[in-house]
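> Let's have the full structure, built from the sequences with the hints guiding it.
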Amino acid sequence: MKAIVTGGTGFIGSHLVEELVLRGYSVTCLVRSTSNLQWIEGFPVCIVEGDCMKVDTLRGLLSDCDYVFHLAGVTKAGNADDFYCTNTSGTENLVEAVHKY
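Under full-length UniProt numbering, the final residue of the sequence shown carries the number 101; numbering is consecutive throughout.
These are calculated hints, taken from the structure and not from any lab test. It cannot be assumed that every hint is accurate.
As the list claims (entries may be wrong) - Mimicking EDC-like on lysine to aspartate or glutamate, the simulated pairs with C-alpha atoms at most 20 Å apart in a straight line are:
hint: 1; residue 1: K100; residue 2: D66
hint: 2; residue 1: K54; residue 2: E92
hint: 3; residue 1: K100; residue 2: E41
hint: 4; residue 1: K2; residue 2: D66
Structure representation (structure tokens):
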């Protein structure tokens with residue numbers, strides 16, 4: 001089984017990644033270029049640098065996966081627009097991309 005995890009470098013996401021790997025899943029993590037990979041280092045996962053705001057990146061990832069776990073999000077933002085853009089628009093983009101597959 002193949003799983004895509006957004007937010008896999010965060011606290012909850014890294015624990016999900018660990019559990020998926022232990023259960024035998026092939027895991028791909030979509031990470032931002034600024035992500036700290038320390039919590040998933042050592043796990044046999046594919047790291048894809050990208051952004052939930054870019055639909056083309058999402059479509060390419062979803063073409064052959066069985067499960068999508070969306071945990072990416074901003075908890076602290078300089079302004080409401082940044083918070084909304086990532087947390088709402090990024091989720092909408094992912095839902096749109098999943099719907100097409």
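> Okay, which hints does this one fail, numbers in order?
3
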